[in-house]
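Participant: Top to bottom, those sequences are chains A and B. Heads up, the first sequence is in our numbering, so the first residue is 1 and it goes up one at a time. Heads up, the second sequence is in our numbering, so the first residue is 1 and it goes up one at a time.
These are computed hints drawn from the structure, not numbers from a lab. Built from N, CA and C at the ideal position, the CB exists for glycine as well. Hints should not be assumed to be uniformly reliable.
[Stated by the list, open to error] Okay, the calculated beta carbon distance ranges per label pair:
#, chain 1, residue 1, chain 2, residue 2, range
1, A, THR146, B, THR62, 20 to 30 Å
2, A, PHE49, B, MET8, 50 to 60 Å
3, B, PRO28, A, PHE49, 37 to 47 Å
4, B, ALA35, A, ASP129, 50 to 60 Å
5, B, ARG68, A, LEU207, 20 to 30 Å
6, A, ILE242, B, MET8, 46 to 56 Å
7, B, LYS25, A, THR228, 29 to 39 Å
8, B, THR62, A, LEU204, 37 to 47 Å
[Said to hold, decoys possible] Straight line, CA to CA, 30 Å or less: simulated DSSO-like cross-link-like pairs of lysine-lysine:
#, chain 1, residue 1, chain 2, residue 2
9, B, LYS61, B, LYS73
10, B, LYS61, A, LYS231
11, B, LYS61, A, LYS24
12, B, LYS73, A, LYS24
13, A, LYS24, A, LYS165
14, A, LYS233, B, LYS25
[Claimed, not checked] Here chain B is said to cover these stretches of chain A; the calculated rule only asks that three of the stretch's residues, wherever they fall, bring their Cβ under 8 Å from a Cβ of chain B:
#, region
15, 14–24
16, 120–132
17, 288–302
18, 312–321
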Amino acid sequence: MALGFVIQRGRFCTVSLVRESLLKRPVALYGVGIIVLIHTVGVHVFAAFGLTSLAEISFQPISAVIGGLLFGVGMIMAGFCPATLWVRSGEGIITAWAGIAAFMLGVEAAKAGFLQLVYDSLREYETTDSYAYQSLGVAPWWLVGTLAAACLAWVTYELTRPKPKPFVMAPNYSGLRHWLFEARWHPALTATLIGLLILLAWPLAELSGRTSGVAFSGPSGNLLAWLTSGKPKLHWGILFVIGVMLGGGVAARGAGEFRWRIGDVNALVRAILGGLAMGLGSAIASGCVIGHCIINASLFLWQGIVAGIAIIIGATITVWLLYRTPPQMRI
Amino acid sequence: MNYEIDMMGNLCPAPLDALIAANAKAAPGDTFTIAFDCAQATENLPNWCAANGHTVLSLDKTGQAQWRIVIQKG
Numbered sequence: 001m002a003l004g005f006v007i008q009r010g011r012f013c014t015v016s017l018v019r020e021s022l023l024k025r026p027v028a029l030y031g032v033g034i035i036v037l038i039h040t041v042g043v044h045v046f047a048a049f050g051l052t053s054l055a056e057i058s059f060q061p062i063s064a065v066i067g068g069l070l071f072g073v074g075m076i077m078a079g080f081c082p083a084t085l086w087v088r089s090g091e092g093i094i095t096a097w098a099g100i101a102a103f104m105l106g107v108e109a110a111k112a113g114f115l116q117l118v119y120d121s122l123r124e125y126e127t128t129d130s131y132a133y134q135s136l137g138v139a140p141w142w143l144v145g146t147l148a149a150a151c152l153a154w155v156t157y158e159l160t161r162p163k164p165k166p167f168v169m170a171p172n173y174s175g176l177r178h179w180l181f182e183a184r185w186h187p188a189l190t191a192t193l194i195g196l197l198i199l200l201a202w203p204l205a206e207l208s209g210r211t212s213g214v215a216f217s218g219p220s221g222n223l224l225a226w227l228t229s230g231k232p233k234l235h236w237g238i239l240f241v242i243g244v245m246l247g248g249g250v251a252a253r254g255a256g257e258f259r260w261r262i263g264d265v266n267a268l269v270r271a272i273l274g275g276l277a278m279g280l281g282s283a284i285a286s287g288c289v290i291g292h293c294i295i296n297a298s299l300f301l302w303q304g305i306v307a308g309i310a311i312i313i314g315a316t317i318t319v320w321l322l323y324r325t326p327p328q329m330r331i
Numbered sequence: 001m002n003y004e005i006d007m008m009g010n011l012c013p014a015p016l017d018a019l020i021a022a023n024a025k026a027a028p029g030d031t032f033t034i035a036f037d038c039a040q041a042t043e044n045l046p047n048w049c050a051a052n053g054h055t056v057l058s059l060d061k062t063g064q065a066q067w068r069i070v071i072q073k074g
């Protein structure tokens, strides 16, 4: 729930980070640097102290590339990633609900449904090394140190660079209510909180007997399966995605940003098609944009690195297709 | 002159795209009044203005999940 709250109030959106960066419009991409920095250092320290074990996802190059590309296309088309689908459905946006339904359907169709044969064959070929440091033959700490130093340099550069100050709304409330529900959250604050929360997810999931960080795609599919067949049983991951929606809902309610609304029909159709593509893609590649680009890549899992790059390539192609002409030529 | 842009029910990036499209036709000193209901736009509209030398004259919350922003072209 805390994660849903922070994503809603902090206006965190992986799709806008990718899309606006590609279109060279202002967006705080360095927030990803903060999240990756906290997560990669934190999770390896936790593991060293036995507070969590690390999820070992085997590297299936074909599934990573094809699933990643499909996911990247879907997220730009939908205008949501799985995390923001859950958060913004909490704001009462029906388009996000439709996107979730299509997403869950996509995940289950690939994993357990009529596309299972395709799913299995794409995931058949596995390499022996799961982690990049195994292949490189070095201790994990070398990669953790390098990645952390690179993120630190990037974030420091972005935060010290002079930037024009954006407009701030006049406050109606003071104290805690202002900070929780009204104030504009600085992107660095939002990113720090997200980093800490996805880090804490590891020991929390471990306590409930699951080795997993923050994940959306598997649990979303599991939720549909649980709703329709009662299997698998409710687990930490399923409760987590529901919590993210409730957290987004509480934040939106408190901030006076909750209203049931449908809006533009094109966006609705795109959310459904994009949601379906994201569902198939994340099932095939075993993870979404946050799962691969942020979490698995900063664990140095080959699957995360390769699928992460494939997601960005898929997204880049789709941004080019949908947004390459300037808005004045399109509207 | 003032451009009235109604972006109620349009999710991001539609409000920013509409602003950029209107801005391409406008002269310096012209204003844009945009009504929108995508929470993301409370970030990306002011940020785009700040980065491109336009002034946000006002940004008000006009109801549950709805806002109005007035921008002057720089």
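Participant: The structure should be examined with respect to each hint, and the outcome stated for every one.
Facilitator: The hints, checked one at a time:
no., hint, in the structure
1, A:THR146 / B:THR62: 20 to 30 Å, "violated, 49 Å"
2, A:PHE49 / B:MET8: 50 to 60 Å, "holds, 51 Å"
3, B:PRO28 / A:PHE49: 37 to 47 Å, "violated, 60 Å"
4, B:ALA35 / A:ASP129: 50 to 60 Å, "holds, 54 Å"
5, B:ARG68 / A:LEU207: 20 to 30 Å, "violated, 46 Å"
6, A:ILE242 / B:MET8: 46 to 56 Å, "violated, 29 Å"
7, B:LYS25 / A:THR228: 29 to 39 Å, "violated, 51 Å"
8, B:THR62 / A:LEU204: 37 to 47 Å, "holds, 39 Å"
9, B:LYS61 / B:LYS73, "holds, 22 Å"
10, B:LYS61 / A:LYS231, "violated, 44 Å"
11, B:LYS61 / A:LYS24, "holds, 28 Å"
12, B:LYS73 / A:LYS24, "holds, 20 Å"
13, A:LYS24 / A:LYS165, "holds, 18 Å"
14, A:LYS233 / B:LYS25, "violated, 57 Å"
15, 14–24, "holds (count 3)"
16, 120–132, "violated (count 0)"
17, 288–302, "violated (count 0)"
18, 312–321, "violated (count 0)"
Against the hints set out earlier in the document, violations occur for numbers 1, 3, 5, 6, 7, 10, 14, 16, 17 and 18.
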